[in-house]
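Chemist: Residue numbers (full-length UniProt numbering), protein chains in the order written: chain F, 1 to 184; chain W, 1 to 889.
Hints in this document: simulated from the structure, not taken from any laboratory. Just to be clear, a hint being listed does not mean it is correct.
To be verified - What follows is a list of derived Cβ distance ranges for each label pair:
1) Ala250/W with Pro129/F: 15 to 25 Å
2) Thr70/F with Asp658/W: 54 to 64 Å
3) Pro129/F with Asp673/W: 37 to 47 Å
4) Lys874/W with Gly94/F: 21 to 31 Å
5) Pro129/F with Val657/W: 34 to 44 Å
6) Thr70/F with Ser671/W: 49 to 59 Å
7) Pro129/F with Glu305/W: 39 to 49 Å
8) Gly795/W with Glu121/F: 51 to 61 Å
9) Pro17/W with Ser51/F: 29 to 39 Å
10) Ser51/F with Pro766/W: 48 to 58 Å
11) Glu359/W with Pro129/F: 34 to 44 Å
12) Ser51/F with Thr543/W: 42 to 52 Å
13) Gly86/F with Pro252/W: 33 to 43 Å
Idealized CB from N, CA, C, for every residue including glycine.
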Amino acid sequence: MTQKAKAEGVGQKHPCSAVSRRQFLILGGASVAVLATYGTGAGAQQLVSSSYVRTVVGKVSELVPGEATTFLYPNDDVENVLVMLGEEAGGGVGEGRNIVAFNTICPHMGGYMGAADFHAEHSVLGPCPLHLSTFDLTKHGMIVSGHAVESLPQIVLEIDGDDIVATGVMGLFYGYNQNPSGEA
Amino acid sequence: MNETVVNNRDYVPLPPPDAEILTTACSYCIVACSYKVYRWPVGREGGQAADQNAFGVEFPTFGAPWVARSQHNIGMHEGRPHHFVIIADADAEVVNPNGNYSVRGGTLAQKIYNPDTPTRDRLKYPQIRIGGILTPVSWDLVTDVMADISQYILSEYGEHAWGMKTYSYEYFENTYAISKLVNRGVGTPVYAPHDKPQAAEDAAGLDDAGINSFAASYEDWGSCDVAFLSGVDPYETKTVLFTEWMMGGANPGKQMIFVTPHRTMGVEYGIRNGGLWLPIIPGTDTALHLALAKIIIDNGWQDREFIDNWVNNRWEIESGYGRGTRNTRWQWRTTWGRWQSDWEDFQEFIANEPAAELEEAARITGLPAEDIRRAAEMIARPREDGTRPKTSFMLEKGNYWSNNYMNTASLASLGLMCGAGNRPGQVISRGGGHQRGGMSAGGGRGWLSPEKHPGRRKKALNVDRWVMDGNVRFMWTIGLTWFPAMLASQELASRVADMTVRNPNQPRSVDRDHLFEVFKERVDSGGMVLVDSDIYPVEPLNTQYADIVLPAAGWGEVDFARCNAERRLRLYAKFNDAPGEAKPDWWAIGQFAQKMGYEGFEWEESNDIFEEAARFSRTGVLSYNVLVREAQREGKTGHEKLRELGTTGIQTPIRMVDGQMVGTQRLHDPSNDWGEIEGDTFDRKWLYAFGTHTGKANMLKTPWTNDSWSDFYEAIKPRAEKGEIWITNGRVNETWQSGFDDLRKPYLAKRWPWPHIVIHPDDAAPHGIESGDLVEGYNDTVYVQTGEPVGVLDGDLSFSRLMENGHIRTTEGQFVAVAIVSDEMRPGVAKAAFNYPGSMANSVCHAVPDPVSGNYRYKLGRGVLRRIGESAYKDNFLEMSLKPRPIMS
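Okay, chain F solo, but in the shape it has when bound (with noise of 0.2 Å):
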């Protein structure tokens, strides 16, 4: 069951989970890696995330830039929006910047908001059909009208020649106390 299936069930009071336990193990001792960094000197602000699977999640020469597709990452539960901004985007990748990935699931209360729920026009993705959030995809997934109390969570990516590599993810996704690692 995927993390989309589950997010139907908002609403119970206690969904059901099929996942196992074996997913969820703590990360003892996880490394930090620094993903980015913005400014120089004493004011520098980086974001930092603790170690990933890397996955090939698509190709630069098969995006097309204003459509969103969807990719599984970091493991099989958890699906996430890939696309082209028509803008240059915090954390964006590929040479205008702009290629970008966010989980699809609203941090407000699990509603699900796909690839077609993304506004080409604005670089945003939404309205979450439970109520309504919005989020800005140039400002690493910022709540631009909404509820959620953290950004959409952004998958971080690298490009390796004709690839888009998931390496991390910045952000706590809904429903999990600890980010899967999508280590096996």
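Since chain F is already given, all that's left is putting chain W on it; use the hints.
Modeler: Just chain W now, kept in the frame of chain F:
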């Protein structure tokens, strides 16, 4: 944690099975969602298996309860570090069933005092400004000094020189203490709540119609067929009321009509679900209401049966038994029957009112005539089977903060015609702003106000003006920003600075006698001693101007009680320690009052006041006296009895029926008539009828052209020759009623680090303004009323007459905000962030109140826009999204 690093903790601690669970309600908006606090000592955590955590749920979980990282914090409890998880109550049966929440309440955990977070700037000890610098002192010294100078001022200058301006909502225990000090201790008329310049009704037109502003229940907004939303998008400002009850509720298919110049997300949702957006020109709602009334009458769509049963006819209006209508606040402010009406008279008025003509109303309001007609059909046209749509009418600040009396009175009349006001799904109510935590100790001294309505009738004192005119020698403000919340903000702030920090008499030591001598010379030279109580530094009120700053303990740090928009009373439990020597405001008032020699201020704990105030609640809509009497019978405290009711609480007025405490879902509803009065229940007619002498509602006339409005409106409209546009103001979902905390919450501080202004592309283009640019709004003619004119004859308080008599001063004002250029605004109207830290958008608004009600016309700012340059947020990926608010497929 280093603040310069964006924390990417991909993990959140879970409460263990033995975590303590306390109930509370949200600190912020009127909806007051139910919350649970999980508390356990630092050193251990719960696990992912259902039997390893306090929720009894296996993680990952795909519904509530879930814990976001911003819903966890570390704080102190009984002097020891504890984990705190604060999440919406997934078991809630009322308000927010299944644990729905807003971004504001969802981040409540971030408001816990934790020096590792931006809350480290909490005020922790009393301070006195010495040589310009706030210096820590003891509670004993500071209350001595306050009492010394207050006694001097009261004996030398009288009670009119001693004033307070405080929140009206931060719990019954505090507001009762404030009221007791102001009314019964000092006995001064110089008092105003935080959101008004004077202590009077918010929506006086509703009161005069006999409708309580908070008569409705959330179920009414859920079950209506049509919601007419005047000056409000409840998605932005009543979030869970909208997302839970209006998008859902008993009738999820309802149609919504939004009257507001700003197309926010709720408006967009409404448009796409059979509703209507009426982007009105600010201040002109009355003309819309008149036109709707005319269409309804001309087509015979009014609810005849309801009008016959529930609206006063001419004889009933004049019947005058009891106090009658002749000598009431209604008649005082409307100068004896000027706008009094009944159904027959009202029809005649509408037939002859030029602004009620569709084309004229369309011209005044700037709305398409066909949309006005469509709105009339939606709210009132009976269906083919003869049944009527159940229409409810909500109003908020776009309505009553733009043209206060006329907009509220005309909306009341429109709603009554449609059969709304006292039955399920057919209500007329405010949506609300902050929660309902005001409790009076009675004995108000309003009759000492020097201001008078025409006919020399009682009128509440405009405290801001009284201060600006130099009449106040001692001012104590509690829990407010004052200047940015009021109008002509820069002028008000500047006058307060003149009387405090710019006065030459400034203390040089913390010696009690020295402080008294300096403050005595200060006030004798025309200056003012300013005391401010708050939980945080407030720029510039206590950071720059206040002589004495007192640290307050607030939400979650003391047991408190208050109600929400449907009058639901809950206990807001203490769950963590207040920082340093921060104390609840009632305690500070008690210390001061005892040093003044006033009796009856010797409270030891919060519950003492809750129980004392119960008796004073009896006659009002927030009456909880029955609960306290029941508690006493059971040998419990009032707070304990309320705590037992958890997040469900009980809706006031609380009544005793068949030996059980019963809440009141809806006011004015005839089904509330419960026969014999039982126990400590207090019988009030407005429980089961309207709040008038007959129990029937009053129709009110509101001619568009009149001397309380027309000359002011002409004077303050944007001037095309100067290139001005309307610069109205408002708040957005993410900062609604939470602005005081938001910049201490890392996520919300990132979302809105600085005030913004939404500008239509047509208004931005001539100035080269793009989203992300810094923009100045500037008004070279900001009117400020001066003096306390006494009304003798009709029209004495009109804008023109005030101008003739030298009661209007012309000033200027400006503010700077970050532009968001979007077609979500009506062209010609820009909307600036209201009362958000950083700049004061209300500086371009006129401090000239509605002469009928005394309320300001907050929304009616104007000015030119000037591009300053690019803001820090224009090309920044970490802060302040500049995207439009209404984005839908």
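Chemist: Compare the structure with the hints numbered earlier in the document and write down the numbers of the violated ones, lowest to highest.
Modeler: none
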